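Protein chains: 2
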Amino acid sequence: MAVLGIDLGGTKLLIGVFSESGELSYKEKADLENRQGAEVGAFITQKINALQTEWQQKGDRISAAGIAVPGIINPESGIVWAPNIPGWEAYPLLNELKQNCNSISITIDNDRSCSLLGEIWKGNARQCRNVIFLTIGTGIGAGIMANGNIINGAQGISGAIGWMALTTPFRDAYTSCGCFEQHASGEGIAKSARELLQSEKITTSLLSRIPLKDIKARHVFNAYSYGDPAAIKIIRQCIQYWGMATANLVSLLNPEKIIFGGGVFGPALQFLPEIIEEARQWAQPVSIKHTKFEPSALGNEACLYGAAHLALKNK
Amino acid sequence: MAVLGIDLGGTKLLIGVFSESGELSYKEKADLENRQGAEVGAFITQKINALQTEWQQKGDRISAAGIAVPGIINPESGIVWAPNIPGWEAYPLLNELKQNCNSISITIDNDRSCSLLGEIWKGNARQCRNVIFLTIGTGIGAGIMANGNIINGAQGISGAIGWMALTTPFRDAYTSCGCFEQHASGEGIAKSARELLQSEKITTSLLSRIPLKDIKARHVFNAYSYGDPAAIKIIRQCIQYWGMATANLVSLLNPEKIIFGGGVFGPALQFLPEIIEEARQWAQPVSIKHTKFEPSALGNEACLYGAAHLALKNK
Chain W
1 MAVLGIDLGG
11 TKLLIGVFSE
21 SGELSYKEKA
31 DLENRQGAEV
41 GAFITQKINA
51 LQTEWQQKGD
61 RISAAGIAVP
71 GIINPESGIV
81 WAPNIPGWEA
91 YPLLNELKQN
101 CNSISITIDN
111 DRSCSLLGEI
121 WKGNARQCRN
131 VIFLTIGTGI
141 GAGIMANGNI
151 INGAQGISGA
161 IGWMALTTPF
171 RDAYTSCGCF
181 EQHASGEGIA
191 KSARELLQSE
201 KITTSLLSRI
211 PLKDIKARHV
221 FNAYSYGDPA
231 AIKIIRQCIQ
241 YWGMATANLV
251 SLLNPEKIIF
261 GGGVFGPALQ
271 FLPEIIEEAR
281 QWAQPVSIKH
291 TKFEPSALGN
301 EACLYGAAHL
311 ALKNK
Chain P
1 MAVLGIDLGG
11 TKLLIGVFSE
21 SGELSYKEKA
31 DLENRQGAEV
41 GAFITQKINA
51 LQTEWQQKGD
61 RISAAGIAVP
71 GIINPESGIV
81 WAPNIPGWEA
91 YPLLNELKQN
101 CNSISITIDN
111 DRSCSLLGEI
121 WKGNARQCRN
131 VIFLTIGTGI
141 GAGIMANGNI
151 INGAQGISGA
161 IGWMALTTPF
171 RDAYTSCGCF
181 EQHASGEGIA
191 KSARELLQSE
201 KITTSLLSRI
211 PLKDIKARHV
221 FNAYSYGDPA
231 AIKIIRQCIQ
241 YWGMATANLV
251 SLLNPEKIIF
261 GGGVFGPALQ
271 FLPEIIEEAR
281 QWAQPVSIKH
291 TKFEPSALGN
301 EACLYGAAHL
311 ALKNK
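First to last, the protein sequences are chains W and P. Read in our numbering, the first sequence has 225 at position 225, and its numbers run on one by one without any break. Read in our numbering, the second sequence has 207 at position 207, and its numbers run on one by one without any break.
No lab work stands behind these hints, which were simulated from the structure alone. Do not take every clue at face value.
As the list makes no split between identical chains, a pair holds if one copy fits it or if it spans any two.
Stated by the list, open to error - Simulated crosslink set (EDC-like; lysine to aspartate or glutamate; CA at most 20 Å straight-line):
{"no.": "1", "residue 1": "Lys289", "residue 2": "Glu89"}
{"no.": "2", "residue 1": "Lys29", "residue 2": "Glu54"}
{"no.": "3", "residue 1": "Lys122", "residue 2": "Glu23"}
{"no.": "4", "residue 1": "Lys292", "residue 2": "Glu274"}
{"no.": "5", "residue 1": "Lys233", "residue 2": "Glu274"}
{"no.": "6", "residue 1": "Lys47", "residue 2": "Glu28"}
{"no.": "7", "residue 1": "Lys47", "residue 2": "Glu96"}
{"no.": "8", "residue 1": "Lys313", "residue 2": "Asp31"}
{"no.": "9", "residue 1": "Lys289", "residue 2": "Glu76"}
{"no.": "10", "residue 1": "Lys213", "residue 2": "Glu200"}
{"no.": "11", "residue 1": "Lys313", "residue 2": "Glu76"}
{"no.": "12", "residue 1": "Lys292", "residue 2": "Glu277"}
{"no.": "13", "residue 1": "Lys12", "residue 2": "Glu274"}
{"no.": "14", "residue 1": "Lys233", "residue 2": "Glu294"}
{"no.": "15", "residue 1": "Lys191", "residue 2": "Glu33"}
{"no.": "16", "residue 1": "Lys201", "residue 2": "Asp214"}
{"no.": "17", "residue 1": "Lys315", "residue 2": "Glu294"}
{"no.": "18", "residue 1": "Lys47", "residue 2": "Glu200"}
{"no.": "19", "residue 1": "Lys233", "residue 2": "Glu54"}
Please read all numbers here as calculations on a predicted model, not as lab measurements.
All chains, please: the whole structure from these sequences, using the hints.
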């Protein structure tokens, strides 16, 4: 018996076949190739059915699939809103897969919860009952476990920490993505760099060698490593916001551990001691004394493992 | 059969006798009269035993007591840290009461959770599974229910939202009480008034008629009602912080309802529409569209009812 873990992103699909005992035995990555709406659902169906046939031919059986989705899932209807997948404003993913994937149990959950589930199952959150996985990539999200339960919220939208208000005054730019995400996501780092280079007319930064519109977070991290003053200024600001958001999670939820993952953590892991120092300034002092801070153990496979764990629970 | 609900504050004890069906049949308020440390424990014991005897003489029986404590309770040992009660840095309240109150079941919990429990039981949080009670009084705290469970955190310190980081840069004043509490608690309102009057040398405000050290939040609300510009400025700032903190709760936990209580809400309830408007700017937009905002139904008895509910569950 085997199960599938599927991590759906805005541009790609990561699929893993896991044994009953939880070992990853096969992995593939498939590009969505600009598929939209129902095409994406059909593509997932096709991948599931192909792997199911393949495993049958080997004399094995795939009995369940768990799918991590980058968006909001209505817990009752299984209808998905995923802003990064065109045409998924209200896509009936669960029904589509249930109808078109025979004799296989289907479970879907959001990517924030799945990444956390992965770390709880096989990573740095094992044995934790109060733990948060803070994902900082292109966007920002948090998976939250409290008192041993994954927290979904009333509409399954909990963990939208990219919207955390961290500084005054309100800026119009926050309207589309939230204050924390505007300043300290991967996209936020790139935006801050573009803004800084433009507003201060800096021409001597390593970053000014790149066309403004092409600047990415990785360029800022790279320039930082060469001691570039503009990059240092941007990263310092991010450290402050990462620290403040971390402090707010600690004060509000008193977790035993916060795990940092996503594409930015990654390169930003080098700043973890400074982020913790910043957080200590702001947080409830007794609470933060007890909190551990760790990088993700599973990296960009955390979500895949979490999706597989969903499947194993419903196999 | 009856149970006791006890709401311990920094200066007083509120005690209620509740019937098995949850009706409040008797209430008394007792001043702590500067008692400290073990004296406070002895005072609670004495009150419990006196009421137990009294009810016995009536042919009834008090079988359980729930005590709400203004601080942090170690969930395993029942040892309490309560900053507003001198000598309660590590006070073994649960053991003291268990040893000295015979044939009565004792349960303790923090005041944040108890206020929420009260509203869930008899107030505006009935039927809710994802709900937050935001208490803004002298200090600030939040009771959190998520997925139908009260969230305690790893050390029982969750809900310390007075420490929420809401604006940059960090100020030394935040070290003792947290950023949100510094700006927008009852004490924070008074501090802001004193600061404003001093720093801007305002002499024409209604508030400048009161000796600086005697200014309380209620004076600011009162001056506001007369259109006093200094008071308006302070209250406007509070509305922003109350809105930002509300938004952060919505984005992070996606509650169906947030309930506002405590001494400040109270007079600040008149600003609820503006607080919601401020919160809408910052919060995850889908989430806040679904959130309801209501005042506490039980007012300053929410915590007492919650304590009684604890007792009833363990009678």
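Quiz item: Which of the stated hints cannot be reconciled with the structure, identified by number in ascending sequence?
Solution: Result: hints 8, 13, 14, 15, 17, 18 and 19 break, sorted rising.
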